[in-house]
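Chain residues, written in single-letter form:
There are 2 protein chains.
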Amino acid sequence: MARIQNPQEFEQKRQEIINAALQLISEIGYDNLTIAHILKRLRISKGAFYHYYLSKEDLRSSIFGETNRLTDMLIGPLIDDPNLTALQKLHGFYNTIVSWKNERKNIHLSQLRGFYRPENDSFRSSMIASWIAYFSDKMTRIIKQGIREKAFKVKFNNNLSEIVINLLLGQSEKIAAVMLMALDAPEQETASISKQFHEIVHDYNQALERVLGAKPGSIHLLDPQLLMSWFEFARQAESPAAARKEFVDAVSKTGMA
Amino acid sequence: MARIQNPQEFEQKRQEIINAALQLISEIGYDNLTIAHILKRLRISKGAFYHYYLSKEDLRSSIFGETNRLTDMLIGPLIDDPNLTALQKLHGFYNTIVSWKNERKNIHLSQLRGFYRPENDSFRSSMIASWIAYFSDKMTRIIKQGIREKAFKVKFNNNLSEIVINLLLGQSEKIAAVMLMALDAPEQETASISKQFHEIVHDYNQALERVLGAKPGSIHLLDPQLLMSWFEFARQAESPAAARKEFVDAVSKTGMA
Numbered sequence: 004m005a006r007i008q009n010p011q012e013f014e015q016k017r018q019e020i021i022n023a024a025l026q027l028i029s030e031i032g033y034d035n036l037t038i039a040h041i042l043k044r045l046r047i048s049k050g051a052f053y054h055y056y057l058s059k060e061d062l063r064s065s066i067f068g069e070t071n072r073l074t075d076m077l078i079g080p081l082i083d084d085p086n087l088t089a090l091q092k093l094h095g096f097y098n099t100i101v102s103w104k105n106e107r108k109n110i111h112l113s114q115l116r117g118f119y120r121p122e123n124d125s126f127r128s129s130m131i132a133s134w135i136a137y138f139s140d141k142m143t144r145i146i147k148q149g150i151r152e153k154a155f156k157v158k159f160n161n162n163l164s165e166i167v168i169n170l171l172l173g174q175s176e177k178i179a180a181v182m183l184m185a186l187d188a189p190e191q192e193t194a195s196i197s198k199q200f201h202e203i204v205h206d207y208n209q210a211l212e213r214v215l216g217a218k219p220g221s222i223h224l225l226d227p228q229l230l231m232s233w234f235e236f237a238r239q240a241e242s243p244a245a246a247r248k249e250f251v252d253a254v255s256k257t258g259m260a
Numbered sequence: 004m005a006r007i008q009n010p011q012e013f014e015q016k017r018q019e020i021i022n023a024a025l026q027l028i029s030e031i032g033y034d035n036l037t038i039a040h041i042l043k044r045l046r047i048s049k050g051a052f053y054h055y056y057l058s059k060e061d062l063r064s065s066i067f068g069e070t071n072r073l074t075d076m077l078i079g080p081l082i083d084d085p086n087l088t089a090l091q092k093l094h095g096f097y098n099t100i101v102s103w104k105n106e107r108k109n110i111h112l113s114q115l116r117g118f119y120r121p122e123n124d125s126f127r128s129s130m131i132a133s134w135i136a137y138f139s140d141k142m143t144r145i146i147k148q149g150i151r152e153k154a155f156k157v158k159f160n161n162n163l164s165e166i167v168i169n170l171l172l173g174q175s176e177k178i179a180a181v182m183l184m185a186l187d188a189p190e191q192e193t194a195s196i197s198k199q200f201h202e203i204v205h206d207y208n209q210a211l212e213r214v215l216g217a218k219p220g221s222i223h224l225l226d227p228q229l230l231m232s233w234f235e236f237a238r239q240a241e242s243p244a245a246a247r248k249e250f251v252d253a254v255s256k257t258g259m260a
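Heads up: the protein sequence lines correspond to chains Z and G, in order.
For the first sequence, the numbering used here gives the first residue as 4, with consecutive numbering after it.
For the second sequence, the numbering used here gives the first residue as 4, with consecutive numbering after it.
Keep in mind that the hints were calculated from the coordinates and are not lab data.
These numbers come from a predicted model, not from an experiment.
Any copy, or any two copies together, can satisfy a pair, since identical chains are not distinguished.
Only pairs whose alpha carbons sit at most 30 Å apart, straight line, appear in this in silico DSS-like list of lysine-lysine:
1. K158 / K198
2. K141 / K198
3. K147 / K158
4. K147 / K198
5. K198 / K153
6. K198 / K177
7. K104 / K198
8. K43 / K16
9. K177 / K141
Chain Z on its own, in the form it takes in the complex (with noise of 0.2 Å):
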């Protein structure tokens, strides 16, 4: 017999549910991941699952759906905001993410490797889809502000929106792939990573303002620092031991050890 159960209580459980199914795609991958899993990590039962959701396909829309509705809602006001200038929102638009990102770099960064592991390509390739139809529509609102307020000197055409979000999601994957690439090589010197990301940041935040014809510095995206400390955060997670190390030989080259 169905328990009645109230809504807060209901959005909880399907939370739940949204929080183990990530953990388990970035340890197994989604194309790896059946139903039984998520039964097995929630120790729940199958009925349980499709109480709150019809499948896995239904699982992962929802995954999009609420990630897309939450960061809507964070810049939702700030779009609609007629105080902001096109570039103030575009900044802004662009570190709610990043903030949002941030926030959860417990999640997002100790998970890196599974996310961009191969079994995930198809599940990334959809979220990016699902991304790119959720957002396109207010970068272009922005774009046409920019334009009439002659911050961005270009005439508005219908796929300069997805242009300016390809090129966002482009760096995104170039720092993906230095982090990991980073993260296998122990090594590696801190200040050629850090140079990496320097140069990133400046080469995608100049190739946007030539898109939108913007004054060249007036764009910048993304502070190399913030990701220098994801960056930490990620190998932090991925090895506590060697973590551990670099901190005994730092402790142990000031010679209190």
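Chain G: place on chain Z using the hints.
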């Protein structure tokens, strides 16, 4: 007992296996593909397959390697030609790939939908990654030459080649998306599809010019008419019945039927 095989015969057999695999990848998706499928399709033994490839992954690497090597054979002389400007090389680079695709359109276009099925997401990402790894150095050489020739008014940076390639790939993905959408909506006006192709080509060329600091109008990769002919080809390959009906309708409009 192993039969003595000459190198041509060996290469020919390897290519046969690649062709069968590509056909199957389009039909059922790489994720679902097993060696058994290939054996059945080609009516060869397990031993015969493993004489040519070590594994499914080895076959995949060979597909990528082979494609890149063939493209390189066509592009190599062009990149090294001292009589060509950077702009000519950029157009030559791109046109070579387009012509190569055009000559094989019975493979590429009749299998368009199959190639973009979710079970090939992983295959496509790996293919793109392999392509970028193989060709970004050559793109870098073209960009550096263009900067020396002052055709590209931009300061060189280490991510520029990848940004340019990203734009080219973004354009391809967008074109494929429009084609697939149009294939699913046979009632859509040809004029509207043609308009979208014209916009994509124009907008991405403009983005490339801006990113590279090239003169407006100096980059004109891809011909929207060619894209329309590809679309018609894909539509007919996919639905011979629909193509016949269109023909009959066209004839009946002329009053001949």
